[in-house]
Structure formats: C-alpha cells, structure tokens
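Make a model of the complete structure from these sequences and hints.
Each residue of the sequence shown is one higher than the one before, starting from 1 at the first, in our numbering.
What the hints contain is simulated information worked out from the structure, not anything from laboratory work. C-beta atoms are modelled at their ideal positions from N, C-alpha and C, and glycine is treated no differently. Each hint can be trusted.
The list that follows gives simulated cross-link-like pairs (lysine to aspartate or glutamate, EDC-like), each with its CA atoms no further than 20 Å apart:
#, residue 1, residue 2
1, K66, D288
2, K261, E43
3, K322, D180
4, K261, E148
5, K261, E147
6, K339, E325
7, K45, E91
8, K318, D179
9, K173, D315
10, K314, E325
11, K45, E85
12, K351, E325
13, K261, E91
14, K241, E210
15, K79, E40
16, K293, E304
17, K52, D285
18, K321, D343
19, K346, E336
20, K79, E91
21, K262, E43
22, K262, D94
23, K185, E174
24, K114, D94
25, K79, E62
26, K41, D270
27, K321, D180
28, K198, E325
Here are the computed distance ranges between Cβ atoms for each label pair:
#, residue 1, residue 2, range
29, G73, A266, 17 to 25 Å
30, N172, D296, 22 to 30 Å
31, E336, A357, 29 to 37 Å
32, K79, K318, 43 to 51 Å
33, I364, N53, 29 to 37 Å
34, E265, N53, 27 to 35 Å
35, N306, R276, 42 to 50 Å
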Amino acid sequence: MLKINTWGKWALAGVTAAVLSACGGADKVPETAKVEPKPEKIEWKMVTTWPKNFPGLGTGAEYMAKNITEMSGGRLTVKVYAAGELVPPLEVFDAVSRGTAELGHGASYYWKGKVPAAQFFTAVPFGMTPQEINSWIYHGGGMALWEEIYEPFNLIPLTSGNSGVQMGGWFNKEINSLDDFQGLKMRIPGLGGEVLSKVGGTPINLPGGEIFTALQTGTIDATEFVGPYNDLAFGLYKAAKYYYYPGWHEPGSEMELLVNKKAFEALPKDLQAIVRAASRQATQDMLDEFTAKNNDALQTLVTEHNVDLRPFPKDVLKALKKASEETLNEVAASDEMSKKVYDSFKAFMSKVSAWHAVSERAYINARDAE
1 MLKINTWGKW ALAGVTAAVL SACGGADKVP ETAKVEPKPE KIEWKMVTTW PKNFPGLGTG
61 AEYMAKNITE MSGGRLTVKV YAAGELVPPL EVFDAVSRGT AELGHGASYY WKGKVPAAQF
121 FTAVPFGMTP QEINSWIYHG GGMALWEEIY EPFNLIPLTS GNSGVQMGGW FNKEINSLDD
181 FQGLKMRIPG LGGEVLSKVG GTPINLPGGE IFTALQTGTI DATEFVGPYN DLAFGLYKAA
241 KYYYYPGWHE PGSEMELLVN KKAFEALPKD LQAIVRAASR QATQDMLDEF TAKNNDALQT
301 LVTEHNVDLR PFPKDVLKAL KKASEETLNE VAASDEMSKK VYDSFKAFMS KVSAWHAVSE
361 RAYINARDAE
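Given below as structure tokens:
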C-alpha cells in the first residue's frame, strides 16, 4: 500500500483545495486588493527676470521651485528658466498672464507701465523695511490690494523673497550735492526712477544681465542693483569707483511670484497650499541669505578691490526725501488704484513706525551706544 507522510498529506490537501476552488467546489479565494492609480504628475514652468543661478535672486527662484517639487512629493514639479531662456526678462508678466509659463519670478515695479500701482509692492523710497512691508502685505491689507490690481491679467501675486535694505548705487563721479544728479543717466527702476527724474536725472530700466556692459561702456553713468552680495557677483566694481549708501530708493525690496490664476485654480487644494507655503518660506530665506552674505561681500569690495565706499551727504538725502514725498503724491493723484494702494501703505507705515520707535529702533540705539 502507498504510504503518504505528513508533508505529503499537506501537499495533497493543497492541490485538492485548489482544484475544488477552480471548479467552484470550495469557497473562493478573496480577490487581491485593487492597486490605487499613481497620482497625476503636473509639470509647471517658471520664467524669471534674473540671470541663471544669480546669487540670492536667481538661486532664490531655484530654491522655491525645488521646495514646491519636494513638498508635493513630486506631484507638482517646477522647471526654472533664467532670463532670456524662454522669454526676455521684462516679458515675464505677459508670459505668465497668457499661460506660456505658470509661474514668474521677478519684481513688480518692472510692470509699472502696465499697472502703475504694482510698483508699490516692490519698494517705496523712504518707505518700509522688509519686516514692515511683509507685515503690511500679509496682515495689513496689502495682499488683497495686490490681488485686486492683478485680477484683470489672470494673475495671482505672491511674495518670493526680499533683498533687505539696498545700497545707494555705483557712480562714476562723486555725489556732493543734488546738482550732481543733473543729467545723470542711471539704471534705477520703479518709484526711485521717478524721483531721480524729478531731481534732474534720467532713469533707465535695464534687467540685471545688461547692467555691467551698460555701465562699462558709458551708456549709463550710474546704477543701483541690490547690494554687495549681488554687486560683487556682477563685478560692478570694475565699471564704477564710487559706492554710495544707504539705498533710500529701496529700503526693503519685495520679490514677486506671479502665478497664472487659471493654472493655480486647477490645482488640488493641497497643492495650492504648498505653492503658497513655499512662497512664504522663500521670502524669509532670501532675506536671511542677503543678511548673512552682504557684509562679507562688502568687506571684499572695500579691502580687495579698493572700492570707495561713501554715505550720501545728509543734505542730499534730505532733498531726495522731499522729492520722494512729492513724487509719491503725484503718482497717487494720477491713478485711482495707485492712490488706494499708497493710502493703505502710508497708513500702515505710520502705525508700524510708531511701534518700531519703541522696539527695534530703541533697542538698536541702546545696543550700539558707546
């Protein structure tokens, strides 16, 4: 007689069960759980006004794109195009508005020809510091106004960085009085450029990548850009000798993320939240980077490249402040939306200045006292 050991009994039982199951003679084996489909991957383009990998500004755009991609687990990927790679630097606004790219990284005062009120969201001469302007935008009604002025263009604005208080600029001659601005051709955009025009200069709007050549060839007599960290990278010390401070025209320049509204609203809510969160993170990170890097770069400019670092004379600053107040009132009076934005800006600055008089300013004065 054929003997079957214990292992054989189990094997035979298994085969029998399988046959019975196939024939419907036993309970059916539960169906394998359905595999969930992989989440859709969305690819966006970001066009910028900055040269590729330019310190602080260009790298800030790359940093934000990387964060969006990583925070979304790769569901939303962002490819960055430097100035001129997909569109010219000063065509970023139009490119995002029409959907050529979903995102644009730049500064809102570049678009003042299309939206005069936009320039208040980058910098206002003798206006708010980075901390103050961010507070106005996010907690003082500024964002609602910014969204309102971009609504007709299919755009949503977000902050995307801040350069901090800037330098006064590079000049190929000394500035000893307001008369030295007469006939001066200077690269200076936004409201600062309008103030320069009021005191007799000629403002010229150039993207960052064109500044050095224009200054070196004499197309312009002076330029501002950002501060030591960027100016060293651009080599501006090779084209002009005198480096003036402070940056009266841009005391806390806000960088801008333009978002195509239709594309944004098509995103799932969690991805919308990620884009907004990444923009806030990038805003703080850029300011931190400039704060950390500027002084080292300034020392390099002065000690290694013999740059002549000078403060603007006090009477020059006083005259520029007066001209700034006149200019701002004129801009506000010429455009209803500009007046609405400037009134909000000015009211908030008055409140926050009163607080800072007994907080930051009082503390710094005490800290730095001899």
